[in-house]
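Peer 1: The chain contents come next:
Number of protein chains: 2
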Amino acid sequence: MSEIKKVKPSLPSGTRDFLPQEVAKRNYIFGIIKSVFEQYGFQQIETPVLENLSTLTGKYGEEGDQLLFKVLNSGDYLKDADAATLSNKDSKKLTAQIAERGLRYDLTVPLARYVVQHQNDLVFPFKRYHIAPVWRADRPQKGRYREFYQCDADIIGSNSLLNEVELTYILHEVFKKLNINVTIRFNHREILMRIAHIFYKKELESKSDTSLSKDDFYSEFIKALDKIDKVGVEGVNKEFADKGFDLSNLEFLWTFIKRMNEAKTVAEKYAIIKELLNASNVDFDWKAVYAGLDIFIEDLFEKFESLDNVKFDFTLARGLDYYTGTIWEVVSNDVKMGSIAAGGRYANLTEMFGGRDMSGVGISFGVERIYDIMEELKLFPQDALKTTKVLFVHFSEANRDFAFPLVQQLREANVSVELYPDKAKMEKQMKYANAKGIPYVVVIGDNEMQSGKLTVKDMRSGTQEEKTFAELLSFFTAKQ
Amino acid sequence: MSEIKKVKPSLPSGTRDFLPQEVAKRNYIFGIIKSVFEQYGFQQIETPVLENLSTLTGKYGEEGDQLLFKVLNSGDYLKDADAATLSNKDSKKLTAQIAERGLRYDLTVPLARYVVQHQNDLVFPFKRYHIAPVWRADRPQKGRYREFYQCDADIIGSNSLLNEVELTYILHEVFKKLNINVTIRFNHREILMRIAHIFYKKELESKSDTSLSKDDFYSEFIKALDKIDKVGVEGVNKEFADKGFDLSNLEFLWTFIKRMNEAKTVAEKYAIIKELLNASNVDFDWKAVYAGLDIFIEDLFEKFESLDNVKFDFTLARGLDYYTGTIWEVVSNDVKMGSIAAGGRYANLTEMFGGRDMSGVGISFGVERIYDIMEELKLFPQDALKTTKVLFVHFSEANRDFAFPLVQQLREANVSVELYPDKAKMEKQMKYANAKGIPYVVVIGDNEMQSGKLTVKDMRSGTQEEKTFAELLSFFTAKQ
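Protein chains in written order, with the working numbering: chain A, 1 to 480; chain B, 1 to 480.
The set of hints was computed from the structure by calculation and includes no laboratory data.
The beta-carbon is built from N, C-alpha and C at its ideal position, and this holds for glycine as well.
Don't take every hint at face value.
Unchecked claim - Straight-line C-alpha distance at most 20 Å; calculated DMTMM-like pairs for lysine to aspartate or glutamate:
#1 B:Lys-34 - A:Asp-121
#2 B:Lys-386 - A:Asp-90
#3 B:Lys-303 - A:Glu-412
#4 B:Lys-303 - A:Asp-422
#5 B:Lys-303 - B:Glu-268
#6 B:Lys-8 - A:Glu-100
#7 A:Lys-177 - A:Asp-383
#8 B:Lys-8 - A:Asp-383
#9 B:Lys-92 - A:Asp-90
#10 B:Lys-93 - A:Asp-82
#11 B:Lys-93 - B:Asp-106
Said to hold, decoys possible - Cβ-to-Cβ under 10 Å is the rule here; a few derived chain B residues that face chain A:
#12 Phe-18
#13 Thr-57
#14 Leu-86
#15 Phe-353
#16 Phe-380
Said to hold, decoys possible - Just so you have them, the derived chain B footprint on chain A, three or more residues with Cβ under 8 Å:
#17 42-51
#18 378-384
#19 414-424
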């Protein structure tokens, strides 16, 4: 390493270093999420960062394919490349010839691959969690990174709605423990489809023809409705009008929304939805994943009665092309920001890898946004910043060497201790303690060595006391 | 995701999935290492997986450069590529034009970059640990992966030998806690250089000229000596003879080794080494990093007297071109395998990124090998396999719904509990508990619902008992 060109240190755009305090705070969040996942019986798995591009490509739409980070094959990768592709500078075509692997884009497609690949070694229903970075070659911007963590829990191979109930409780528990006030909104994709279907039928009747196919009609309608939070009824109506829809055919929806908002009891809401569902029965053939929507409503409405931050919201439309059953979205009540957790149920997750037909249901925490909210609201508790409890400082190497066995004894008693390693001015040593947020300093000088009475300074209050080592030991072990 | 081509699930060669039991065991190892690191005041940092190739290239020798995984630039990456390079199919030259980023190769170069880039935000001496995967496009073989974890603790910016002492205690502590019998060998690169220097002077005297430059001579000598463990004195002599060295000039070394082996006390060993050092003083100008070798010997020999698995070994030569001071290597006493931890001190770590002159010293645990040893010797304790403590099973959905609030109460009391989600045969539910290693099952049937007495089955002993829910709660919370 002797003749290395000096390089100005830099990072690829959209990636980050984390300072010790940041890692400690992030670990605090991860720790709470993990402990709740484990309380509900989820087990951690890991998959490699590198996946074959054959696994990843085509799973995230065309835009997603372009956002995949692709890894150059090793060695003389151009050897067998096609000459015409090279001379045409056809980047897209060449990629297939020179890059076989890429960085994972999310944790869901790797999960599907994993479940099929290890199906004989897994216990079903398979409850796994996975906390790991993923990569997307998106344009970086505030709060959006190219390398960021996902934090997912999923259940594969069970159609029971109990999973939905438990996942909702997990969302509730985690944010309660993090001390973040949230609203957990949930919906069922079939309800959206049924509303779309009622509208579609009305449009057909009144116009005899719409220019859109049924599926596209559903999709356009749901996309527009999803914006109701941001643009209100007026905005949604405008959007529908622009698309050429007949607004009078939407009256039923506004009436429905109004009645739902006015309903006071769960039973009332339940009855209103049932009515809507019945109205949509004619010609509706969208295949639901599991037991049936009425069970969903009955079960979930009932179970969530006790959780006042869980709200059914039939305009919620997240992950349009992906989820087929229940969907969730969690937002902070105190900080305006996008969703900080989300999830849903998807049919046939494993089908793309030739696995047997299995439904999956899962949630994902947006740790980067949760971090920002906790910073903004100052929600990190002091002890999230795991740091050294005591620093021993000294006036000479002899003092330092006297301290070493004492330090070791404290460490054996499970106290996190440091001994300042170098000969340095007292001021510098104290500065080290301050900068690292170490709450106690023990000063070792010649007097202390002779008397056996050590001076302990509380760095926050500035007070100091003399203690024998035995007193010190019980003082710090009691403080754990 | 409707029209996806089905793909047979596979992984890139040299990468791995981890099953839940494997992750739990790996986390057990990481957990112990982390807790010891933190007891000694090290703080965790994170750096991105993606680094600029300008950061990585040239730091690991030419072979290392070839083993770097390079990431294709996004978008139309061929647009500005040189036409001649393309038509010549010059892979090497093209790489520089189409790949700006790569995957980190180790955690040390990123640390150097990090320290320089964030020097104003860090507290020095900077004690950090970092546990994360790294990538090398090596040929995969048994026990060697392309994506594997490193687990490092380093101190940057302190020349004190106390760091060496503490790192040695950390090595000792971690393996004690993991229950692995090890030998921790240590050496100082300057001792090797001085032995090489004595030999070099003798060769010069006897032959008036050796064909090798001084540095190459040192290097060849040390490489040959490093093999003494594997090939013995005979083997080393043969190697020296093949290189054209005059074996009679090596007599001093064998005498030295013999005397060291026969020495009984630390004081005796200390005297023998001092003698060797004195003999090497003429013309020796290799710059030591810090305080001086005699302090190294005095300090370390003395401090390690109490640790009987720490051995000074002056033939240890690890990391020839990298380390400049103390070096360590740890091997298992029970399983024949390469080193399972190692480390050393290196001068000027941060120089390559234009940082001010700072010395670094650190150790690294080989977690993959530690895992293999612990498996082979069955050293993982039962409770390393963090799993659900209790599974509630049931005969009907009504039974299941009765169980749900009980399950939630246990979870609130911090017990890890699962409720089997689906309607299924009792046998299938029991199989689930067995396969997941869940030690207790609570059976809920109509009788139990009526009587309030629940049947708890101990899955290991097969015994079962009836308990009220209150009894159950105290039973499981006591078992934490």
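Peer 1: Apply the coverage criterion to the stretch 414-424 of chain A and chain B: a residue qualifies when its Cβ sits closer than 8 Å to a Cβ of the chain, and three qualifying residues are needed.
Peer 2: holds (count 9)
Peer 1: Are the Cα atoms of B:Lys-303 and B:Glu-268 separated by 20 Å or less?
Peer 2: Cα-Cα ~16 Å, so holds.
Peer 1: For the pair supplied as a hint, A:Lys-177 and A:Asp-383, is the alpha-carbon distance within the 20 Å limit?
Peer 2: 14 Å, holds
Peer 1: Are at least 3 residues of the stretch 378-384 of chain A within less than 8 Å of chain B when you compare beta carbons?
Peer 2: violated (count 0)
Peer 1: Does B:Leu-86 pass the interface hint, meaning its C-beta sits closer than 10 Å to a C-beta of chain A?
Peer 2: 4 Å, holds
Peer 1: Mind checking, does the stretch 42-51 of chain A have 3 or more residues with a CB under 8 Å from chain B?
Peer 2: holds (count 9)
Peer 1: Holds or violated: is the Cβ of B:Phe-18 closer than 10 Å to a Cβ in chain A?
Peer 2: 4 Å, holds
Peer 1: Holds or violated: are the alpha carbons of B:Lys-34 and A:Asp-121 at most 20 Å from each other?
Peer 2: 30 Å, violated
Peer 1: Under the criterion that the straight-line Cα-Cα distance not exceed 20 Å, is the pair B:Lys-8, A:Glu-100 satisfied?
Peer 2: Cα-Cα ~15 Å, so holds.
Peer 1: For B:Lys-93 and A:Asp-82, compute the direct alpha-carbon distance and say whether it is at most 20 Å.
Peer 2: Roughly 17 Å between the alpha carbons, so the hint for B:Lys-93 and A:Asp-82 holds.
Peer 1: Between B:Lys-93 and B:Asp-106, does the CA-CA distance stay at or below 20 Å?
Peer 2: Violated, at about 24 Å.
Peer 1: CA of B:Lys-8 to CA of A:Asp-383, is that 20 Å or under?
Peer 2: Roughly 47 Å separates the two Cα atoms, so the pair is violated.
Hints 1, 2, 8, 11, 16, 18, counting from the list given before, are not met by this structure.
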